Amino acid sequence: MTQPSRLAIVPFVSVDRMMKLVLAIGVERFLTELAAYIEEDFRRWELFDKTPRIASHSHDGVIELMPTSDGKMYGFKYVNGHPKNMREGRQTVTAFGVLADVGSGYPMLLTEMTILTALRTAATSAVAAKY
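Residue 14 in my numbering sits at position 3 of the sequence shown, and the numbers go up by one each step.
No lab work stands behind these hints, which were simulated from the structure alone. There could be a bad hint or two in this list.
Result set (DSS-like, lysine-lysine): computed pairs, CA atoms no more than 30 Å apart in a straight line [stated by the list, open to error]: (1) K61 x K141; (2) K31 x K88; (3) K31 x K83; (4) K95 x K141; (5) K61 x K88; (6) K61 x K83; (7) K141 x K31; (8) K83 x K141.
Label-pair restraints from in silico Cβ distances [claimed, not checked]: (9) P63 x T135: 15 to 21 Å; (10) S67 x P118: 29 to 35 Å; (11) T79 x L34: 27 to 33 Å; (12) I20 x T125: 20 to 26 Å.
Predicted, not measured: the structure shown is a model, and the values here were computed from it. For every residue, glycine included, the Cβ atom is placed at its ideal position computed from N, Cα and C.
Kindly generate the complete structure, drawing on both the sequences and the hints.
Here it is in structure tokens:
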């Protein structure tokens, strides 16, 4: 049997690893660099497939899928909103995402996005304030 190549391993960024990454880079630098990527993506806006989010509502909350693609990479974010989770010691909002190569369909990254969403919101606000 052939051993899988290094390319066959899909990187996973957990909450712990995301926090370590942000702290190692530094919050200010991380936000500055993230804002630059966001600004560049706004310049490429017309290249993105802007499929509307898919929301599944229930009595207890909502689960949403947010897909997009620029034709080269495909990504989606899964996020929930369940207010009663606090009573059970859980977060009310949790998110994760996947980034995949469109040509092969192969996932390139699986990552937590709860923290990343908060950072993205801050970086997007900085971009908006610039204009």
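Okay, the hints, checked on the actual structure:
1. K61 x K141: Roughly 24 Å separates the two Cα atoms, so the pair holds.
2. K31 x K88: holds, 21 Å
3. K31 x K83: holds, 29 Å
4. K95 x K141: violated, 37 Å
5. K61 x K88: Holds, because 13 Å separates the two Cα atoms, which is no more than 30 Å.
6. K61 x K83: Satisfied, since the Cα-Cα distance of roughly 14 Å is no more than 30 Å.
7. K141 x K31: holds, 29 Å
8. K83 x K141: The hint holds at about 29 Å.
9. P63 x T135: 15 to 21 Å: Once the Cβ atoms are compared, 19 Å apart, the range 15 to 21 Å for T135 and P63 holds.
10. S67 x P118: 29 to 35 Å: Because 22 Å falls outside the window, the suggested range is violated.
11. T79 x L34: 27 to 33 Å: For L34 against T79, whose Cβ atoms are near 28 Å apart, the range 27 to 33 Å holds.
12. I20 x T125: 20 to 26 Å: With a Cβ separation near 23 Å, I20 and T125 satisfy 20 to 26 Å, so the hint holds.
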